[in-house]
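Hey, can you work out the whole structure from these sequences and the hints?
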Amino acid sequence: RKEVEQDPGPFNVPEGATVAFNCTYSNSASQSFFWYRQDCRKEPKLLMSVYSSGNEDGRFTAQLNRASQYISLLIRDSKLSDSATYLCVVNHNYGQNFVFGPGTRLSVLP
Amino acid sequence: NAGVTQTPKFRILKIGQSMTLQCAQDMNHNYMYWYRQDPGMGLKLIYYSVGAGITDKGEVPNGYNVSRSTTEDFPLRLELAAPSQTSVYFCASSWTGDDGYTFGSGTRLTVV
Numbered sequence: 001r002k003e004v005e006q007d008p009g010p011f012n013v014p015e016g017a018t019v020a021f022n023c024t025y026s027n028s029a030s031q032s033f034f035w036y037r038q039d040c041r042k043e044p045k046l047l048m049s050v051y052s053s054g055n056e057d058g059r060f061t062a063q064l065n066r067a068s069q070y071i072s073l074l075i076r077d078s079k080l081s082d083s084a085t086y087l088c089v090v091n092h093n094y095g096q097n098f099v100f101g102p103g104t105r106l107s108v109l110p
Numbered sequence: 111n112a113g114v115t116q117t118p119k120f121r122i123l124k125i126g127q128s129m130t131l132q133c134a135q136d137m138n139h140n141y142m143y144w145y146r147q148d149p150g151m152g153l154k155l156i157y158y159s160v161g162a163g164i165t166d167k168g169e170v171p172n173g174y175n176v177s178r179s180t181t182e183d184f185p186l187r188l189e190l191a192a193p194s195q196t197s198v199y200f201c202a203s204s205w206t207g208d209d210g211y212t213f214g215s216g217t218r219l220t221v222v
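Line order of the protein sequences matches chains A and B.
Take 1 as the starting number for the first sequence in the numbering used here and just add one per residue.
Take 111 as the starting number for the second sequence in the numbering used here and just add one per residue.
Hint data in this document are derived by calculation from the structure and do not stem from the laboratory.
Just so it is clear, CB atoms sit at the ideal spot from N, CA and C, and this is done for glycine as well.
Keep in mind that a hint or two might mislead.
[Claimed, not checked] Quick list of in silico lysine-lysine cross-link-like pairs, BS3-like style, CA-CA up to 27 angstroms:
id, chain 1, residue 1, chain 2, residue 2
1, B, Lys154, A, Lys45
2, B, Lys167, A, Lys2
3, B, Lys154, A, Lys42
4, A, Lys2, B, Lys154
5, B, Lys167, A, Lys42
6, A, Lys42, B, Lys119
[Claimed, not checked] Partial selection, computed: residues in chain A whose CB lies under 8 angstroms from chain B:
id, residue
7, Phe34
8, Pro44
9, Ser49
10, Asn97
11, Phe98
12, Phe100
13, Gly103
Structure representation (structure tokens):
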């Protein structure tokens, strides 16, 4: 089993739709969790950290389920500019190794 | 504030050649990392450093070397380039090692 797995893409959704991505991780000792966004041919950029209590940033909501070892990202009212690849990132060895998932590609269509 | 600066942005190497990918950050971050990203794959850690003078291997270190003589710079050296090293290379830095990364814009390397 891979350390971090994500929903296979691509997800093609119309503007205004709500879309959710899931990510599972294999190491129960994982400490920190993040979602990154990567535009085509660009570097990844931190979208949001994922806290045990869940967190929200505008149209984006992240949830963590430690018992089931998965995290999720919900995007409401999708915009064309949300089109990108979303990377799930897990850190189980403090400071030393963030493990990146392969990413899920989202295309928001007009 | 430049953040993380990588040079060059693009490079084509012939098999067997060597080169150094440069990475510099101006945020006084202790943690620095080198990743490679192949099409459709997640980023793979090559080497990392938790401070000046300290480096350690990541998941895919073979064929690469690094040094960290200052807090700001973390160059990645490729010796005897091979086609399997064709990839996009990202340098990243972090303040605490657990607060998320700031990435450079990447170096696209092709080995022919």
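- Query: Does A/Phe98 pass the interface hint, meaning its C-beta sits closer than 8 angstroms to a C-beta of chain B?
  - Reply: holds, 7 angstroms
- Does A/Asn97 pass the interface check with chain B, least Cβ-Cβ distance below 8 angstroms? holds, 6 angstroms
- For the pair supplied as a hint, A/Lys2 and B/Lys154, confirm whether the alpha-carbon distance does not exceed 27 angstroms. holds, 13 angstroms
- Query: Going straight from one Cα to the other, do B/Lys154 and A/Lys45 come out at no more than 27 angstroms?
  - Reply: holds, 16 angstroms
- Quick one, are B/Lys167 and A/Lys42 close enough, alpha carbons at most 27 angstroms? Holds: B/Lys167 and A/Lys42 sit about 25 angstroms apart, inside 27 angstroms.
- A/Phe100 as an interface hint toward chain B, with CB separation required under 8 angstroms: Holds, about 4 angstroms.
- Message: Between the alpha carbons of A/Lys42 and B/Lys119, is the straight-line distance 27 angstroms or under?
- Response: holds, 11 angstroms
- Holds or violated: are the alpha carbons of B/Lys154 and A/Lys42 at most 27 angstroms from each other? holds, 16 angstroms
- Query: Going by Cβ atoms only, is A/Ser49 closer than 8 angstroms to chain B?
  - Reply: holds, 6 angstroms
- Does the nearest C-beta of chain B fall within a distance shorter than 8 angstroms of the C-beta of A/Pro44? Interface hint status for A/Pro44: holds (6 angstroms vs cutoff 8 angstroms).
- Message: Does the closest beta carbon of chain B sit nearer than 8 angstroms to the beta carbon of A/Phe34?
- Response: holds, 5 angstroms
- Item | Given hint A/Gly103 near chain B, where the shortest CB pair must fall under 8 angstroms | Hint on A/Gly103: holds, closest Cβ of chain B at ~7 angstroms, below 8 angstroms.
Hint compliance for this structure: no hint is broken.
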